[in-house]
Amino acid sequence: MSVQTERAKTAPGTAVRKSGGPPTGGPHAKRKGISGNLLPYVLLLPALAATLVFLGWPMVKNATLSLQNVNRRQLIRRLTEWTGFDNYEATLKSEEFWRVVGRSIVFTGVNVILIMVTSTLIGLLLARLGKKMRLTLQVGLVLTWAMPIIAATTVYQWLFAQRFGVVNWVLDKLGWHSMADYNWIGSQFSAFFVITVLIVWQSVPFVALSLYAATTTIPNELYEAASLDGAGAWKSFTTVTFPFIKPFLFATTFLEVIWVFKALPQIFALSEGGPDRLTETLPVYAFVEGVGNQHYGMGAAISLLTILVLLGLTSYYLRIVLKQERDEL
Numbered sequence: 001m002s003v004q005t006e007r008a009k010t011a012p013g014t015a016v017r018k019s020g021g022p023p024t025g026g027p028h029a030k031r032k033g034i035s036g037n038l039l040p041y042v043l044l045l046p047a048l049a050a051t052l053v054f055l056g057w058p059m060v061k062n063a064t065l066s067l068q069n070v071n072r073r074q075l076i077r078r079l080t081e082w083t084g085f086d087n088y089e090a091t092l093k094s095e096e097f098w099r100v101v102g103r104s105i106v107f108t109g110v111n112v113i114l115i116m117v118t119s120t121l122i123g124l125l126l127a128r129l130g131k132k133m134r135l136t137l138q139v140g141l142v143l144t145w146a147m148p149i150i151a152a153t154t155v156y157q158w159l160f161a162q163r164f165g166v167v168n169w170v171l172d173k174l175g176w177h178s179m180a181d182y183n184w185i186g187s188q189f190s191a192f193f194v195i196t197v198l199i200v201w202q203s204v205p206f207v208a209l210s211l212y213a214a215t216t217t218i219p220n221e222l223y224e225a226a227s228l229d230g231a232g233a234w235k236s237f238t239t240v241t242f243p244f245i246k247p248f249l250f251a252t253t254f255l256e257v258i259w260v261f262k263a264l265p266q267i268f269a270l271s272e273g274g275p276d277r278l279t280e281t282l283p284v285y286a287f288v289e290g291v292g293n294q295h296y297g298m299g300a301a302i303s304l305l306t307i308l309v310l311l312g313l314t315s316y317y318l319r320i321v322l323k324q325e326r327d328e329l
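Reading the sequence shown from the start, the letters are residues 1 to 329 in full-length UniProt numbering.
Don't read these hints as lab results, they were simulated from the structure.
There are no misleading hints in this set.
Taking lysine-lysine and the DSS-like style, the derived pairs with C-alpha atoms no more than 30 Å apart in a straight line are:
no. : residue 1 : residue 2
1   : Lys246    : Lys132
2   : Lys131    : Lys235
3   : Lys93     : Lys61
4   : Lys262    : Lys323
5   : Lys132    : Lys235
6   : Lys131    : Lys246
7   : Lys323    : Lys246
8   : Lys61     : Lys262
9   : Lys262    : Lys246
10  : Lys262    : Lys93
11  : Lys235    : Lys246
12  : Lys235    : Lys323
The model shown is predicted, which means the values in this text are computed figures rather than measured ones.
Whole structure, please, built from the sequences with the hints as guidance.
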């Protein structure tokens, strides 16, 4: 009884001592909270400044140029002829522009499908190979990925050269003698074939290696459970592997759409948009009109329209991502 009485007597005193401490929400804590909230924005300032300098300012200059009539005469005399939205109006009314848009969409779709299918197969192969074979294949993929675009394009120019190309020589030795002096850049289909092979060859390593990295996060217990349930290779892929790599596939597909859509060096270095400008995509079309034909205002307008197309694709991707996040919640 005495012990309980003493505890009962000391309890209020204890409460008084606890409540008599310094307040937790003082000015020091408030200042600390404010500085903590501002710290992420302060750390982002250098990146934001670099973005404004290296991306924002050129974009503003390009938008200004698209509202002017600029050619050789204006450059020599340093004249500024404002034309408003005439460049945009002329571009959107041009049949050639819409043909290039359709060609760009088809070209992008074919390349992205080939890239994603090939990369998925190689990524799954990496997950099943032994250690030595996997390392050998990974080294080959990394070396392919590390090759500069112009260097890779030069190699393909040599491979598909009309007179001394390796591809024509091999086909001739295999019995296709009509291919001995075949001009791969002489027709629209064959030129696009060479360009597609080059772009797919350059893009597959990144997607394949990333896909393999995604498959390493899948627990082996899931495959064992699927095997016990009698699932074959295809069933294991659809029920175990694909659900895990689906977000990755969606993200990389979107990135490849952007990268392929804005491909310029490969196309221009191989064919310069020929023959007869039949392999021009939107970036090549903007470059040829702006720099080649010296219609700089027109080229700037075409490039900004290309950016608007890419922004539309980006907004569509972000909308799908946000929808998936809401569904997961």
